[in-house]
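4 protein chains.
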Amino acid sequence: MMNTLATTTNPPPQPADYAAVRQRSVELAAPLSAEDACAQSMPDASPAKWHLAHTTWFFETFVLEPHELAFAPFHAEFRVLFNSYYNGVGAKHPRAQRGLLTRPSLAEVLAYRANVDERMQRLLARHAGNAKLLALVELGLHHEQQHQELLVTDIKHLLSCNPLFPAYHTRQPADTTAGSGPAQPLTWHRSDGGVVEIGHAGNSGVFAFDNELPRHRVYLQPHALASRLVSNGEYAAFIEDGGYRNPAHWLAEGWDWRTAQGLEQPIYWHRAGQGGGDDAWHEFTLAGLVPLASALPAVHLSYYEADAYARWAGARLPTEAEWECAAARQPLQGHFVDGPDALLHPGVAEGGGMAQMFGDAWQWTQSSYAPYPGFRTAEGAVGEYNGKFMVNQYVLRGGSCATPAGHVRATYRNFFPATARWQFSGVRLARDV
Amino acid sequence: MMNTLATTTNPPPQPADYAAVRQRSVELAAPLSAEDACAQSMPDASPAKWHLAHTTWFFETFVLEPHELAFAPFHAEFRVLFNSYYNGVGAKHPRAQRGLLTRPSLAEVLAYRANVDERMQRLLARHAGNAKLLALVELGLHHEQQHQELLVTDIKHLLSCNPLFPAYHTRQPADTTAGSGPAQPLTWHRSDGGVVEIGHAGNSGVFAFDNELPRHRVYLQPHALASRLVSNGEYAAFIEDGGYRNPAHWLAEGWDWRTAQGLEQPIYWHRAGQGGGDDAWHEFTLAGLVPLASALPAVHLSYYEADAYARWAGARLPTEAEWECAAARQPLQGHFVDGPDALLHPGVAEGGGMAQMFGDAWQWTQSSYAPYPGFRTAEGAVGEYNGKFMVNQYVLRGGSCATPAGHVRATYRNFFPATARWQFSGVRLARDV
Amino acid sequence: MMNTLATTTNPPPQPADYAAVRQRSVELAAPLSAEDACAQSMPDASPAKWHLAHTTWFFETFVLEPHELAFAPFHAEFRVLFNSYYNGVGAKHPRAQRGLLTRPSLAEVLAYRANVDERMQRLLARHAGNAKLLALVELGLHHEQQHQELLVTDIKHLLSCNPLFPAYHTRQPADTTAGSGPAQPLTWHRSDGGVVEIGHAGNSGVFAFDNELPRHRVYLQPHALASRLVSNGEYAAFIEDGGYRNPAHWLAEGWDWRTAQGLEQPIYWHRAGQGGGDDAWHEFTLAGLVPLASALPAVHLSYYEADAYARWAGARLPTEAEWECAAARQPLQGHFVDGPDALLHPGVAEGGGMAQMFGDAWQWTQSSYAPYPGFRTAEGAVGEYNGKFMVNQYVLRGGSCATPAGHVRATYRNFFPATARWQFSGVRLARDV
Amino acid sequence: MMNTLATTTNPPPQPADYAAVRQRSVELAAPLSAEDACAQSMPDASPAKWHLAHTTWFFETFVLEPHELAFAPFHAEFRVLFNSYYNGVGAKHPRAQRGLLTRPSLAEVLAYRANVDERMQRLLARHAGNAKLLALVELGLHHEQQHQELLVTDIKHLLSCNPLFPAYHTRQPADTTAGSGPAQPLTWHRSDGGVVEIGHAGNSGVFAFDNELPRHRVYLQPHALASRLVSNGEYAAFIEDGGYRNPAHWLAEGWDWRTAQGLEQPIYWHRAGQGGGDDAWHEFTLAGLVPLASALPAVHLSYYEADAYARWAGARLPTEAEWECAAARQPLQGHFVDGPDALLHPGVAEGGGMAQMFGDAWQWTQSSYAPYPGFRTAEGAVGEYNGKFMVNQYVLRGGSCATPAGHVRATYRNFFPATARWQFSGVRLARDV
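Chains A, B, C and D supply the protein sequences, listed in that same order.
Using my numbering, the final residue of the first sequence is 519, and nothing's skipped along the way.
Using my numbering, the final residue of the second sequence is 519, and nothing's skipped along the way.
Using my numbering, the final residue of the third sequence is 519, and nothing's skipped along the way.
Using my numbering, the final residue of the fourth sequence is 519, and nothing's skipped along the way.
Read the hints as simulated data drawn from the structure, not as lab findings.
Just so it is clear, the structure is predicted and the values come from calculations on it, not from any experiment.
Misleading hints may appear alongside valid ones.
Copies of the same chain look alike in the list, so a pair counts if it fits in one copy or across any two.
[Claimed, not checked] Pairs of lysine to any residue residues, derived as SDA-like cross-links and limited to a Cα-Cα distance of at most 25 angstroms, are as follows:
| # | residue 1 | residue 2 |
| --- | --- | --- |
| 1 | K218 | G348 |
| 2 | K178 | F295 |
| 3 | K178 | P129 |
| 4 | K178 | M128 |
| 5 | K178 | P159 |
| 6 | K218 | Y305 |
Chain A on its own, in the form it takes in the complex (with noise of 0.2 angstroms):
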């Protein structure tokens, strides 16, 4: 039976592989101004100088505070500011108030970060074999790099609610400007199901979360999967055919959330350019608003969207079961968020066989975030870390444009309730046989 917040690497992470994955976070936001860094554009997302803030908390409420000599806050009331949602800690800014902390700057933010960063050093070269401890630092990375994507998905909404359409990079996505090309053919991949195991196995020298555990048995139909992600030209097809005004398409509580918002289209399409009286499908990226490309991947779909779109085209959404048993036997490649000339946005699918199971989109699946058979929190604040959000929300699989490299796996599960759009969230198409 587990007990525990997490498995860990063996070996554990070396005091460089803190410093990379601390840096990783601060040039993610080095292309931000204060002001992009400090506002807030709706509640489910954080400032990017708050993600700066409060990852530097979790190390120094999580690690600093039970194991360094004399611990002292670098600032008492960073306490209660950064921290998101674990009662056990103490008080919380409430979350929708963010956007208001204009103090501390960016810059006292970075200082922050740089003081608990040596103070960090400090404490590793001192407990270089202190398992628990190393695994409360892996834990902290792991959560850290959560929170890169968050802060890339968090800042495109901001930017996106400009009517000016800035740009975070000038790094324009694939395809947009080589034609309108659609995507490969979507072709199908069976399984004929029975009893499988999911999972993690725990100790076994990779890393998860304690939502990734125990590994279990589970029982399969025979079912298909689809070859690669429904692209724009697919999407933009369900859309053409009314997609957006058929209620049949639709869950029912998804109808009512479509109605009620009057949506029409993913959250960042538009019909026109900038400006412009063109009236072709544009998509808002971390570029800016750039034509459309009919070969990507369609990204920004909620639950609904997904399963509507599914519903039309005679498929369904795959369950994380069928997910993980797919991808267990595909390489844990894609186009991660990490390098510098990444794009932050999915690429196409390529080659044979089944294609962006990683690093391109987030897949919803039809799976209702639950706790595996066995599952156990950890005793204490941390605990907190997973399993209170297991419910109303779904699972999707596989990491996409925003993840670090090395931070996702096949059992890696995420979770968003069924109305959140704002992630990189795709579809995979699945059936049965």
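Knowing the structure of chain A, use the given hints to seat chains B, C and D on it.
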């Protein structure tokens, strides 16, 4: 591959069955004044008069309209007024405004029922061997029984909103005057798990809704189920222990819900008797406000409350597959709503073995309401019956004291959002072994 | 300096006056079924049954309780159930939940009325010379008349929410079948202004509410008032001219309100007859849906609509002082609610001079509802009658077709928020000269 | 009959006046970081950067566009981004989303200002004798001064939302360290009333907004006004006496507002110092959180709070006419926002006579914001400046410590909804005599 709305009984329903079910709805509404039958206490609940009319509309729309010679509606506007959620049929009166329909009067709705019943009897006489028509009739009868249960729970909610705590009937719940003895000891019944089958077998001569189909394999882990439902006395101990004030027991979303609404106890619990200084727990029942009986099951719990209690008790909610496997071995007995002496309240657990599986309280499972592998909806408006609600709801099993005898079975899947409190919903604990 | 609730008539009300006013309320509710009398269509409106009970509660609480020997309440809980807004009396049933009070039944409320009336007649017989008590009785009778008007307008709103457009009675508004002739020509009546007196003179032998006191001087500018109310035909021209689509006519807050609610016409106007393809304007009345009569006054306008119309017409709303000075010279005649043939709808303007000053439609003034100089509220709960509402409401003058004859006068100040549409509220134009 | 937007000064504003007012806005924003200048704490408040841009937009749109040769906008999108509420100009960026405009940056907005200022100086040089143009320029300068005040109050609100209670500057309010002495005794100044004139005389060589026009007669009753504003010490006594827990003091709507929001004190009052156990009243100021000084005026009161205090104190709020008649006899002196040593907080009442009439706190009047008799709005978009807000707001008089010297006068009419608390709004009592 299934592609049907439901599975039918063999032999099919007879005209007398139709008459009996239809008559039962009128009997359930008999204690109500026209005023009682017209009011709507919240958008989730409907007026009794609306239930009487809508169930009639179902037969008129789905059976008479396609089959009756020279069909003419009883009243053209009723097509809209009494359509619940079938987009395929057309416009619908807004759900939250059902209580404003003071016209047609209760007497006119009863006349509508009599008219449709007479036409239905003529139709049944003419189509005695028409299996497809009889399948729709049977669906309509089970639909009517579902609304009989809602009629009871909706009236209970309405009366609970009245500070006079008026009674629906005068039959007191069992044990409320017999002192405050606890429930019989709770024991655990173990299952070894493995590959099992759940779901309805189809073509078995027993009716099933489409959401119970198809029968399929699942893999269960070893586990144990409690021998009875959580009792009022046990739930009161949870409250006494600060259960409603400690976020550690709650799902994050449940805690936010509890906090926003300032909830401190189940919906029908009150600290004091009507107008008195007595601060012992009392419970609003269909017989009015009565002292809380410790031995009776705790009911009217939301999923959040059920889950929080289970966590506090060191247990968890069962999955629907775990529940169904246990239930399949139990007799279909319980304190159902039928019969002249029905208390419309759950009874005490008695005897050895698994008590209270059926006909006391719906039992929350941790299973999100989702399609079974291979699930298909029927063509047309009647296909909207179940499938479009398969998101953000949780499965409840077992039927309650407001469920008609013969309506429920081991494979039956009820479902409500995690916030729902006005059904007779309780908790059977489960745990890993 | 006044310090009283109201000014009384001379001679004071007699037992027969009490009986007549009380009987009138019952007559107004007579066409309603128990269902009609129980439902509440919006928080601003109350069920007819509640009006019948609350007016009785007023006499029981403010007259019987302090004066009756061995007072015992008819029902202890009614003190809370039927308290409208008197904090000084204690707890109140939530306003928005009045429609959930299916118990007490309409029959029980009528029994409550009979009981209180009998006790009141005994009390009146014993206290024939008690001026203070009779002043409270008179206040209660005028209070009852106010609720008679609300009973009519609240029922109209309730029935309007029913797609069947049911009728309260069968007496058609004047002129709706007589063709679509326009109203008589509108002329302007000039006043030179200067120092004038408004407000009730007190001790004049004519009843007044406290908010009409004291009589005081104001300075009027030269101005002119229209000879009649704005007609349906004129208001339809405003709509035709794009009045609901051009923000230039509207107060900013009114435009936001209109836009948020998507309003395109007055609340009871419909483009088509019931179930028909006719797209001519129809109006819902207490006799059901009828073709809009051009000559009749436009009613059920909000302050925002009234003000927008006036601006579009190159005029403005009158101040309450301008209105009162003109009204003081007119006879107290109109289409009041009393009498067996009352249409419960305004009539056409007839004759020369200032038409429709009283008893057709309440006339919005541009005057915010505020205390007159020297205004004082009475001590105790009854002092909450008027004063505490003197913010963010606008004064209406003149009484309507739902006002009892004898209830209104030139100094009478009615008041509603700028959004209110369910009263018989219309427009008399004014302009500077 | 007036038909103009405003009345102009004689001589008209000179290029140096333009430069001075424009420069002052930049100076007020100088203590702010780019982050501080970008955030928006509530829909009613705007970011400092937005104020800097919108005031520039005003000159560009209303002066440069119609008068500049070969006009080209600085940035085409700014026309929408920085339009506040002028429907006549076209589309507007949603008010509640001004804080999401991280682009243009603060530096770019300052460049926008410099560009427009340079073009304005060229235009002013060319049009030195163009009275109509100079009238628009003068309007723009007074408009800019209004936004200077809002810039200060909006920043105060933003900083108050930060648990760090950051300071805008380091100049402490007067008297906060000097102990807790009370304000000087309050005396009453009587007026006999009668016919008086209020409003701006027009053509007097003194600027006025259109809403101050025309000068007209009103009749005043005898009354008395308090010699100074209500002090913090007096307001604390109201709280101590249960003022926030007794509905008898409150307007009904005010009580509902207070209750819904759970308010127990003025918006910037806190029971304890930052992070301390001290439970004495403290007040958030632009210099941070400081001990409450009894002698200083109570500020940041809503109309509801002001009215409740007055009722509790046995007095009332003045009418705007009463206030104006008294103010017309007082010198235009006060603690205005200008000057290097301005505290941005009201000062103590000093000297005999009527103290604190100008430049300490806006003083709520009981007068609803309404057009003066004969009021006319200007043609075109600039006519939307004042008139369309004349509903459901209350007039405040006198200017505050955030008002620029020279901006305010005895006839000046400010206006806010009854709920507004973030302005420097206080109370001067009045009473009937």
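(message) My question is about K218 and Y305: at a cut-off of 25 angstroms on alpha-carbon distance, are they close within one copy, between copies, both, or neither?
(response) Cα proximity of K218 and Y305: none, with 35 angstroms in one copy and 34 angstroms across.
(message) As a check of your reading, is K178 near M128 (CA-CA no more than 25 angstroms) within one copy, between copies, both or neither?
(response) both (18 angstroms within a copy, 20 angstroms between copies)
(request) Indicate which option fits the pair K178, F295 if close means a Cα-Cα distance not exceeding 25 angstroms: within, between, both or neither. (result) within (24 angstroms within a copy, 46 angstroms between copies)
(request) At 25 angstroms max between alpha carbons, let me know whether K218 reaches G348 within a copy, between copies, both or neither. (result) neither (51 angstroms within a copy, 39 angstroms between copies)
(request) At 25 angstroms max between alpha carbons, let me know whether K178 reaches P159 within a copy, between copies, both or neither. (result) within (16 angstroms within a copy, 45 angstroms between copies)
(request) Since the copies are identical, ignore which copy is meant and state whether K178 and P129 lie within 25 angstroms (CA to CA) inside a copy, between copies, both or neither. (result) Intra 14 angstroms, inter 23 angstroms, cutoff 25 angstroms: intra and inter.
Comparing the model with each earlier hint shows violations of hints 1, 6; every other hint is respected.
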